[in-house]
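Hints are included, so try docking the two chains, each in its own frame, into the full complex.
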Amino acid sequence: MTDYTLAQLSNYSVYSAMVVLTLAMLAYALYLARIAPERSERTAEVRERELVPAGAGAEKSASGLDAPPPGPGAGAGESPGVRAAGVDVPEPLGARKAGGVGRTLTMLGTLLVVAGVVLRALEVHRWPLGNMYEFALVGAMFTLVLFTAWSARRDLRWLGLFVVGPVLLVLGAAITVWYTDASELMPSLRSYWLAIHVTVATMTVAVFTIGASLGILYLIQDRLETSGSPRAAFMRRLPSARGLERLTYAAHVVAFPMWSFTLIAGAIWARQAWGSYWNWDPKEVWTFVIWVVYAAYLHARATTGWKRQNATWIALAGFVCVLMNFAVVNMYFVGQHSYSGL
Amino acid sequence: MSTVRDERALSTQPVPEGGGGGGRHDGSVTLPSLGPVGWLRYAWRQLTSMRTALFLLLLLAVAAIPGSTFPQRSIDAARTTQWITDHPTAGPLLDRLGFFEVYAAPWFAAIYLLLFVSLIGCVAPRSRIHWHQVRSTPPRAPRRLERLPAHQEVTVDGTPDEVRDRMRARLRGRRYRVHAHDDSTLSAEKGYLKESGNLVFHLSLIAVLVGVAWGHLLGWKGDVILPVGQTFANTLSRYDTFSPGPWVDPTDLEPYTIRLDRMDVQFETQDKGRGQFGMPRDFRAFTTLTDASGHSEPREIAVNHPLETGGGTVFLLGNGYAPHITVRDAEGTVIYSDATPFLPQDNNYTSVGAVKVPGAQPDGLGFAGFFLPTGVIDEQRGPHSIFPGPADPQLALTAFEGTLFPDGAPQSVYTLNTSAMTPLPGKDGEGQLRILLRPGQTFDLPDGRGSITFDGVERFAGLSVRTDPGKTLTLVASLLALAGLILSLVVRRRRVFVRVRPAPEDGRTVVSVGGLAKDDDEGMDDEIAAVLTAPEGSR
Ligand code: HEM
Chain H
32 MTDYTLAQLS NYSVYSAMVV LTLAMLAYAL YLARIAPERS ERTAEVRERE LVPAGAGAEK
92 SASGLDAPPP GPGAGAGESP GVRAAGVDVP EPLGARKAGG VGRTLTMLGT LLVVAGVVLR
152 ALEVHRWPLG NMYEFALVGA MFTLVLFTAW SARRDLRWLG LFVVGPVLLV LGAAITVWYT
212 DASELMPSLR SYWLAIHVTV ATMTVAVFTI GASLGILYLI QDRLETSGSP RAAFMRRLPS
272 ARGLERLTYA AHVVAFPMWS FTLIAGAIWA RQAWGSYWNW DPKEVWTFVI WVVYAAYLHA
332 RATTGWKRQN ATWIALAGFV CVLMNFAVVN MYFVGQHSYS GL
Chain V
192 MSTVRDERAL STQPVPEGGG GGGRHDGSVT LPSLGPVGWL RYAWRQLTSM RTALFLLLLL
252 AVAAIPGSTF PQRSIDAART TQWITDHPTA GPLLDRLGFF EVYAAPWFAA IYLLLFVSLI
312 GCVAPRSRIH WHQVRSTPPR APRRLERLPA HQEVTVDGTP DEVRDRMRAR LRGRRYRVHA
372 HDDSTLSAEK GYLKESGNLV FHLSLIAVLV GVAWGHLLGW KGDVILPVGQ TFANTLSRYD
432 TFSPGPWVDP TDLEPYTIRL DRMDVQFETQ DKGRGQFGMP RDFRAFTTLT DASGHSEPRE
492 IAVNHPLETG GGTVFLLGNG YAPHITVRDA EGTVIYSDAT PFLPQDNNYT SVGAVKVPGA
552 QPDGLGFAGF FLPTGVIDEQ RGPHSIFPGP ADPQLALTAF EGTLFPDGAP QSVYTLNTSA
612 MTPLPGKDGE GQLRILLRPG QTFDLPDGRG SITFDGVERF AGLSVRTDPG KTLTLVASLL
672 ALAGLILSLV VRRRRVFVRV RPAPEDGRTV VSVGGLAKDD DEGMDDEIAA VLTAPEGSR
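Residue numbers (our numbering), protein chains in the order written: chain H, 32 to 373; chain V, 192 to 730.
Worth double-checking, as some hints may not be accurate.
Said to hold, decoys possible - Partial selection, computed: residues in chain V whose CB lies under 7 Å from chain H:
#, residue
1, Leu250
2, Ala252
3, Gly258
Honestly, the hints are just simulated from the structure, not real lab data. We treat Cβ as the ideally placed atom computed from N, Cα and C, and that holds for glycine.
Excised from the complex, chain V in its bound form (with noise of 0.2 Å):
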């Protein structure tokens, strides 16, 4: 009797689930005599079902939607306080509940670690079991073959012996492993994959969480604004900003040296759709790329063809203009003379940016305001570009005095802090000074301020050097767990046995064939009547 019910259910299980599965169990584990040791195995066996199992995975497909619905800080930060300023009642509560950083919360780390320890008290037993299983050999055949789902009972031509021979030989044929326990009895089973196939999947995930915790905590990522013309050495001081992970030590940045020899940036000038004038089409950074032993050499870095260094990964992630701007003193003595990046705001470039001049005289002169790559000035949009290529470039800037960096604090190059400056004040005394400048063109400072000039534009690269040590484990283990997912789901596990007895008529035999797949299987009765009809060898 218990053979059959455990050989219908073809069980991959490691443990009667307690308090679950079939509802067999129910009440008889819950009762209160269980004792700490019990309780602590009572919780991990609720903790190592599959029903928990999907239970948390449910869970994590809801817990990670808000990520997507709400600002996330580590992605857009400006966004997120933005929004935070905009809900002064929610804002503030969601922030301390962890929305606006779901993929760093706590109760998102909860959720996927239990989900990992309940696959590994899942998966490890379950390893053992099916690594015995494929080492040992299918069951005995039950009593009463009729019993099992498929079936089917025929009587052919010669003795049992022979008929049993003609039988193990087809079902070898047909890929079974094949076992007589007995002499009148085979016993055959085949899709050890199956099982095999699910591991893998399990493992392979554990695997890929493994590969990118592994890359958190040793990746190190650097962002910095490049100007053509200029060089980037790969150093911590270099970047503009530069996040490592927990365990990276950002003094020991492999030595080498990027030049920006040449930016190529292409917008859509055909007006061919809704939406689509000015469109970014492509992007190409022309570098010379020299490494720690002084070898140069010209590499190219576009969208989607990152630059290999050895030392990181170096993307092309943005770009836009730098202006050059000179700022002079009463005498003519140059005070400040840079490419000087001004970031884009939207799609046509407009885009903001600071000049500081410390060594002005006789306090620190600013400037603040915008690039237009195609400027036009109106009344209600302000300065705003209408194009991203610099069809007619212009500088839109205001102008301070007093002092720059009034606490020492580290302060943004592409804004100014005015909090301890006043504006130098318009034609006539009135409002605020406005400069407008072209190419080439110098404006004089009032009262003996000096001058400043926009002498042209260069482009700048927005680079994103990164490293991800634990990419490669990341990527091997996904591919694994697909391999292993294909394997599991397409294999089939079957059992057949085959049962011979004498005919009552002489030198014939009854065979009697019954089979038992894992889940349903619809297709156990023809594999059944192959077995019976197929010839020797075959499949």
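Just chain H, with the same shape it has in the complex (with noise of 0.2 Å):
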């Protein structure tokens, strides 16, 4: 019937949508390999990192500062020479186009992503959050409604990559080895908590996500400014290790209260379907391990002595147990959450 048509069109949409999405991530890996500078500005950018401390040195004793240096990392990475080199030197023209190529792609995704889901959901008849598919498809498409609304609040290009190289391989999988047909939910799952949990769960997924991927750009970035070997241009075009630091940071501080609250409405609802709040399923426990983690990050990134460094590992570490959670808690763990339709 036409509900069979809703199904193939949502599942022709996220085809289409991988392939524009992989077109958007052609287009953002040749706007990292265009920014590089010209020879000239890389000459310039070697001078400037010869004269960071320099300058860095005489900031101090201009200000006459005894106090003890801020711990490495703690904001010892952004001397002004480093930012210059990122941000002031004009974009060559072939990278703005690649960039403005990535973006466009990137929201033309999004949308296809988005009719996906809808036509999902139309065709079930209820909220399209009650397998792995679907977690999967909507995480995907939450990760990048995220990216482009932030996207029109701040240049993002340099990140585009690693936000929509992710989204592609969480979505190939999910249509290869997720893919479960349209269908309707066991009675446990028919409440709106569902609506409540999950999808304030898989969007809390999707700022995860990105605050991973920033983690990991700091990492690099970090360790590539502390040893002063010779960067990848594109490298240098990222903001620098203390702003990538921030960034990092703004993510878990706007996904960790979400998850508390995933947390809480999780409970609540366990309470409505199996009599018990807390009931230590793998699921559960789960859940609650990654809220620990993240907490741990958060309470190390506040830690005197802890280096911001070693705080971002155990966010990583945070991630890790997120996509555990989802890929194998799902398929191999006994419990109550038995859902993946698999």
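Below, the structure written as structure tokens:
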């Protein structure tokens, strides 16, 4: 019937989104490759890098600060020279074009994924969050929507590759490994708490994903900055390590309360559906573990004497747990959350 | 000098961390001249330091994981036993270490209790300090504002006093608390809610734990299987299983009854997708609730829609079939007649159960076997059901004779203890007697033992009655924690200092503004610029 057509349309939409996003990813990669400064600029950057310590020293003696220097990474990273190298030199035309194409294609891909989700929802007459395929699809959608919305507020072309890439990976896995035909839900899933709890959870995972991408970029940038070894051209165009660290933290500051809410909403729903708000079901265990690990990240970041790099590693460990929770716990652990539909 | 250092930190730490922190105090504290009290104090400081809290948090995360990888006794006892049997070396060892009851294990409790001790030890002094800070005035401006992380200096029109008043108004407009320690400076601070939020968050975590413990001590749960047409009374003896918290008096339950009038169960019948055929779609129990005063009213219980009774919440957690079975003796006198619940074993409700007839003559009779809502019996898989709905209900039983309750010990109603029984022989004395019945059919037992009839099939509801007096506290505390968390992450704590001095030109004033924030605060420079340029009273 028509329902069948809707499901088909949804799948076509997702497939076309994947094609478009692949192109977007290539465009973003090209953007990063093209923003390598010209040779003369490159020598300028070397000079700047040599100037940095002197500049930083001068700054310090000028202000007469003899307070202990902030811990490594806690702020030493950002010196005016490095920042200038990243922002002030005008972008080559090729890079600008590639970046623009990447942005446009990402928006188009986002629309197609949204369409895929909406069509699927129309097909099943319910909130499209009932099995792993749908979680992955909606998670990818939120990641793209979030990234697109954020891009509208600041220049994030440098991040495009590192968001669109993972999203493509997830979409690919979703449609090949986790694909489930559209179907109704089992009784315990029929609740408006599904819409609340699972939607927020999926949204949070989207934020965590962007946070993890930023965290990895920060760690790489930081290593490059402190080692002083020549950086791949595009890394010089990214924000400084300090800036990346701040963005990483910002993403997690948004995500952590959302995850806390997910945990609370899940507990309320568990009481409705299973009679007890906490059952130490594997999925609950992992939701809790993720919460504790990210709490440890925020905690570590505020702890004196803890390096930002190490704190970021904790955040990445948290993301590994998020991945575990989705891919492994859903499929292999026995519990009441066995809704994967596989 | 030292002012600047303190200002820089904008510290909310109550005690300098011995041995930890910025490492400035390292070495001086660890020397062996501490004495017992000193050591205690040292240990306490270590325990209540943020690094210990961090370590314990990570440890808690790691310790929670085995509970998801190993079967847990409290959740699935059968699977746990099976796992231990399957792993004869690792099984018993892990069992002794508590890996099958992780969340009740002493080492797990040790971690979270230490964490909460640390939390209290940390939050109590912080709360006191914060209380004082909120009621006190912002500190005196440091002598050299240009040393602060953010600083600007401009020359403006007006006398120093006028300019200072203008700055005060602006700061107030931006919701700073402003205080003048002398004639030429202003000290301003805002964002106290950050620390308040942080404290509320941590204190609420304690309340969450208290709520959980309260529910554990004073809550109870009981499960009962109730066939359609039968009535359940909320008394201890009526429950199939009952687990009270340590402080519960199980003889003091609210008296009410629930009659199960009808059960509505729906399964997927249109094969729409991989593995979807026969999946459950809707469970609904129509009941009559009669409270202690005798007042009755119809109430519906469904998955996700429990029934609040005032004496516990009733959840519909399971369902299945209770074939009505009648056993007669040789004279045709009924010696057993009941709707007998069989427990579903798989998604198609292949169910197992037993019929026990101790009153049979000359010896007790027992039947054990399967109920199949849509039965198929094949050589390989034995009797099983291929659809959960009752399309072709069948009873497949074997019969035993002998002593049903050999040691007088209580036993499960769903299994037969055959240790003191012998199977009835099959036709011609070969093998074992196999009985297959469809509704309405009767089977005559051999040698004048009477007969067994499958009258028809009813559904049963698996009800679970639970109380948790701690849940409201837990919920409220969790929401408070969330609110506190958001405050502490969103609000920015900032201090701004202003100093005015006459400029060389007449009627002009040099105003110097320095700012200091907790953590690194990108917006501090903008904030100062705004304070310097914003019109009075605006934000
Ligand atoms: C139950 C375990 C705990 C959890 C889940 C937890 C979680 C958190 C989180 C998520 C934050 C970040 C919020 C913010 O930055 O304001 C935080 C901050 C903080 N926590 Fe904890 N915490 C726990 C235990 C502790 C303990 C035991 C201490 C004391 C030793 C402590 C002291 C602090 C302090 C001082 C901050 C504020 C850091 C700052 O912003 O200056 N926490 N905690």
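Checked hints:
1. Leu250: Given a least distance of 10 Å, the restraint on Leu250/V is violated.
2. Ala252: At 4 Å from the nearest chain H Cβ, Ala252/V passes the 7 Å test, so the hint holds.
3. Gly258: holds, 5 Å
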